[in-house]
Amino acid sequence: MTAAEILAVAAFAEGRHAQAFPSFGSERTGAPVVSYCRIDDAPIRTREPVMAPDALIVQDVTLVHQVDLFAGLSHDGYVLINTSRRFTELGFEDHFVDFDQERLLTCPATEIALEHVGRPMPNAALLGGFAAFTGQITLDAIQQAIRDRFSGVVGERNAAAAKAAFEFVTNAKEEFLHASTN
Amino acid sequence: MLRQIEGSRAIAETVALCRPEVVCAYPISPQTHIIEAIGAMVKAGTLAPCEFINVESEFAAMSVAIGASAAGARAYTATASQGLLYMIEAVYNAAGLGLPIVMTLANRAIGAPINIWNDHSDAMAVRDAGWIQLFAETNQEAADLHVQAFRLAEELSVPVMVCMDGFILTHAVERVDILDQATVDLLLPPYEPRQVLDPADPVSIGAMVGPEAFEEVRYLAHLRQLDALERIPVIAKQFAEVTGRASGGLVSSYRTEDAQTIIVALGSVLGTIKDAVDMRRDLGERVGVVGITSFRPFPGDAVREALRPATQIVVLEKAFSVGFGGVLSTDVAMSLQGEQHVLRNVVAGLGGRAITRRSLEELIATAVRGELPVLTFLDLDHEAVDRERTRMAGTRRSGPSAENLLRDRGTVGVSTSRSDS
Amino acid sequence: MTNQPVHFYQVGSFAVGNRLLRDDQRTVQSNTDRANSIDSGHRACQGCGEALGARYALDAAMRSCDGQIVAVNATGCLEVFSTPYPETSWRIPWLHSLFGNAPAVATGVAAAMRVKGREDVRVVAQAGDGGTVDIGFGCLSGMFERNDDVLFICYDNEGYMNTGVQRSAATPPAARTATTDVVGPEPGNVFGQGKDLPRLAMAHDIPYVATATVADLHDLEHKVERAMELRGARYLHVLVPCPLGWGSASNETIHLARLAKETGLFPVFEAEHGVVTNATQIRRRVPVQDYLSLQRRYAHLFGAHPRPDVVARIQSIADANIARYGLLDDSDQEVSV
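Residue numbers (the numbering used here), protein chains in the order written: chain A, 1 to 182; chain B, 1 to 421; chain C, 1 to 337.
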C-alpha cells in the first residue's frame with residue numbers, strides 16, 4: 001500500500017487529485033496484495049477497484065504466474081516489472097503480442113534498493129522508474145513524497161534509489177528508441 | 001489545511017479538534033487506525049486534557065463512554081460489525097439514557113461467515129436503537145460530520161454515530177481539508193449536560209420505568225429525533241457558511257431535476273453511481289442520484305421531495321433483511337406512500353464485493369428499459385449458488401456452505417476425502 | 001442534603017442506639033445529624049442484608065470524602081428496590097446502566113472526574129454477586145487490570161435473588177436454588193464449581209481487597225474508610241444474607257452472617273497488592289451445620305433423609321479456609337466438628 005500512497009501524495013504535491021487504497025484481499029505478510037492509485041485533474045468520485053489500469057507496477061515477479069495480473073490492462077498500457085531480467089525473458093510474450101512494446105519494461109528495483117537503501121524494498125525505486133517511464137509524475141514530487149513518508153537518512157536513501165531507477169528507465173527508453181529506429 | 005491522508009487519520013485529527021475528554025475503544029478492523037492515532041496524540045500530550053482508556057471489550061468501550069458522558073465529559077468511541085453487536089446492549093442503553101456520545105462506525109459486514117470488508121449490515125442492526133445515524137460519502141464528509149455530530153448530540157441529548165465505509169473510506173488516502181482549532185471551536189461550543197452526576201446536585205439516572213410511563217419516555221426520544229430533522233440542516237448550513245463547503249444535511253441530489261429514474265443509496269458508493277450516471281446521461285438516459293446522509297432520523301419528507309421528479313426509484317443498498325429484502329428500500333417505500341413511483345430494490349456490495357461502474361451502467365440500462373426485477377442481487381453468481389443447492393439436496397451431510405462455495409472458486413484446496421466426489 | 005428525624009432505642013451492645021459508647025466507638029449511623037446516602041422508604045424485603053450493608057458502606061464512603069461521591073449500580077435487587085418508579089431513595093448522584101457493566105461505567109465516571117480536575121469526587125461501583133462474579137466479571141477484571149480509581153463493592157447473597165433465586169458462581173455447594181434443584185444424586189448446587197472473587201481480585205494485585213459481613217458493621221465501615229484512603233482499583237466483598245433466597249427468618253440476617261464467619265465458611269480478611277495483610281480471627285468456632293440448619297436452602301441436608309456426607313464436605317471447605325487464612329491461629333480453641 002505504501003507505494004500507492006506515496007504516488008498519491010506526490011500527485012497531490014503537484015496539485016492534482018489522487019486516490020490510493022488497498023485491494024480488498026487479506027493484507028497479511030506473504031499474501032498477494034494489490035493497491036490502486038488514481039490520479040486526475042478533476043475530483044475523483046468513484047470507489048471501485050481499478051478495473052482497467054493505464055499502468056501496472058509489479059513488485060514481485062513471482063506473482064505473475066499465480067494471479068491474473070494483466071486483467072483489464074489496455075493495449076497501450078504501461079507495465080513496469082521489478083526484476084533484473086528483461087521483459088522478453090519472463091515467459092509471457094505471447095500475451096503481449098498486440099501491446100505497445102515500448103510500454104513494457106523491467107527494472108531491477110530490488111537491486112537498486114539494496115545498493116542505495118541496503119534493504120530489498122523496491123517501492124521507492126519503482127516509483128522513480130514509473131516517473132521516468134510514464135511521465136505522469138515528476139521525480140521531484142516522488143522524492144518529496146518519499147521524504148515526507150520516511151524521515152531522515154532513510155528518506156534520503158530511498159529518494160536516491162528513486163533517482164537511480166529514474167535514470168535506469170530513462171536510459172532504457174532511449175535504448176529502445178535507438179534500437180527501433182535502426 | 002488541505003492534506004493527502006488516510007481517511008482514518010483525517011477522522012482522528014478531526015475528532016481530536018472536537019476536544020473529546022474521554023476516548024475509549026477496543027480494536028477491530030477497520031477502525032484501528034483511528035483509535036491508534038488518537039491514542040498516540042493523548043499519550044504524546046498533543047490532545048489534552050483527555051483520558052484514553054484501553055478497554056477490554058466493545059461492551060466495556062460503550063459502558064465507559066456512558067459513565068463518562070453521564071458525568072459530564074465529552075465521550076467518543078469507534079467500532080464496527082462484531083464489535084457493535086458486542087456492545088449492542090450498551091448502545092440501546094446510551095440512547096435510552098439520552099447521553100450525547102459520538103461514535104464512528106467503520107461499516108463492516110457482520111458474520112457468520114466472518115468477513116472484514118465493507119457493507120452496511122452493522123449500521124442496520126442498530127437502526128431502531130435511538131441513535132442518530134449519519135452516512136458519509138467521502139472522507140471529507142466523514143471528517144466534517146464528526147464536528148456536526150458532537151454539536152447535534154449535545155444539543156439534543158441523543159447519541160450520534162457517523163457511518164463511513166470500512167476500508168473503502170477508512171483506508172483510502174485522498175484529499176481532505178482538516179479544519180483548524182479555531183473553526184471547530186466556533187462550530188462546537190463546550191458540552192453543557194442536560195443531566196449530570198454531580199454531588200452538589202444529586203440525581204438518580206437509570207431507574208426502572210414501568211408500563212405507566214415507558215411509552216412516554218420512548219415517545220420523547222422519538223420527538224428528539226424529529227427535532228434532529230430540523231437541526232441537521234441548520235447545523236449543516238452553519239458549517240457551510242463557516243467552512244465554505246457543503247457537508248452533511250439530510251439528503252443530497254445529483255442530476256435529478258429531469259430524471260425519470262433515480263438511484264438512491266447511502267455512503268461511498270454514491271461516487272461510483274454518479275460516474276455511472278454521467279456515462280448513461282451521455283447516452284441520453286435521464287437518470288439521477290439521491291444520497292441519504294441522515295439515515296436516522298429517516299428524512300421521509302426530504303426523500304419524498306427529492307424523488308418526486310422520477311417515475312422509477314431504484315434503491316441500491318449494502319444490506320438486506322434475510323428472507324425478505326432490502327432495509328433501506330423498505331424505509332424509502334414507507335416515505336413514498338401515496339406517491340406514484342415504481343420501486344426497485346438492488347442489494348449490492350455485501351461483504352465488500354466491489355460495485356463496479358460497469359455493473360452499475362448495466363443496471364441502469366436495464367432499469368431504464370423497465371426490465372429490472374423487484375429485487376436484484378447485483379453480480380450474484382447464480383451458478384455457484386445452484387451448485388451448492390444441488391449438493392445440499394443430494395446429501396444430508398453436505399458440509400458448511402461457505403467452505404463449499406470457496407472450494408468451488410478454488411480459494412480453498414480440495415480435500416482428498418470428499419464423499420460426494 | 002436535608003436531615004431526617006431519627007429515633008434510637010437504648011440497647012446494651014455496640015449497636016447504633018447505645019449512647020454509653022464514646023463518640024469514636026459509634027458508627028456513622030449513630031450520628032443524629034446523619035443524612036443517609038440511601039434513604040428509608042426503599043422497597044427491600046424485611047431483613048435484607050444488602051440494604052443494611054449498602055447503607056453502612058456508602059455512608060462510610062460519604063463520610064470519608066466529605067460527601068463527594070458518585071455511585072454506579074448494576075442491575076439487581078439493590079438497584080430495583082432503591083428506585084421504585086417514580087421514587088428514588090438515593091441522596092447521592094447515582095447511575096444505573098446495565099447488569100454486566102457497572103465496573104466499566106464506573107471507570108468512565110472516574111475518567112470524567114479526572115479529566116475535569118475533580119478527582120476529589122470519588123466513585124463507588126456496586127453490584128450483587130451475579131453482576132460481579134458472572135456477567136460483570138469481564139468488565140471487573142478490566143477495571144482491576146487498568147487499576148482504575150474505583151471502589152467496587154459486591155453485595156454477595158450467593159444467588160440471583162431479584163429474578164427468583166437462581167444459581168450464580170457465588171452460590172455455595174449443595175445450596176438449593178431455582179436452577180439447582182434438590183433432586184438427583186447431588187441435590188442442590190454442584191461441588192467443584194464456583195468462583196472465589198476475593199482471591200481472583202487479589203490475583204490482579206490491586207491496591208486493596210477486603211471481605212466483610214453485615215454481622216460486624218464497624219468492621220465494614222473501617223474497611224470502606226481504609227479503601228477510601230487509597231487510590232486505584234479496590235474491591236470489597238460483603239456477605240449479605242437474603243432471607244427470601246436463603247429461606248431464613250428475617251430477624252436472623254445478622255446472626256447468619258456471624259455464623260458464616262465463625263464457621264470459617266466466609267473468611268474475613270484484608271489484602272493489599274495480592275498479599276493478605278490481616279485475617280479476622282474466629283472468636284468462637286462453630287460447626288457448619290449450626291449455620292446450614294437455619295436456612296431452608298439447605299433443609300434437604302437434614303430432616304427425614306439427612307446427608308451427613310454432604311455436610312462433611314462443606315465442613316472440609318470451612319476447614320480449608322481456616323487453614324488457608326489462619327483464622328484460628330490466635331485461638332486455643334479445640335477444633336470441634
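Hints are computed from structural coordinates only; laboratory data are not their basis.
Check each hint, because a few of them may be wrong.
[What the hints assert, rightly or not] SDA-like cross-link-like pairs, simulated, lysine to any residue; straight-line CA separation at most 25 Å:
hint, chain 1, residue 1, chain 2, residue 2
1, B, K237, B, R255
2, C, K195, C, E272
3, C, K116, B, E155
4, C, K116, B, A44
5, C, K116, B, Q181
6, C, K195, C, A169
[To be verified] In silico contact screen, one side only, chain C against chain B (beta carbon under 8 Å); selected entries:
hint, residue
7, T88
8, A104
9, G326
Where a beta carbon is used, it is the ideal one built from N, C-alpha and C, also for glycine.
* Asked: Hints broken by the structure, by number, lowest first?
  -> Hint 9 contradicted; others consistent.
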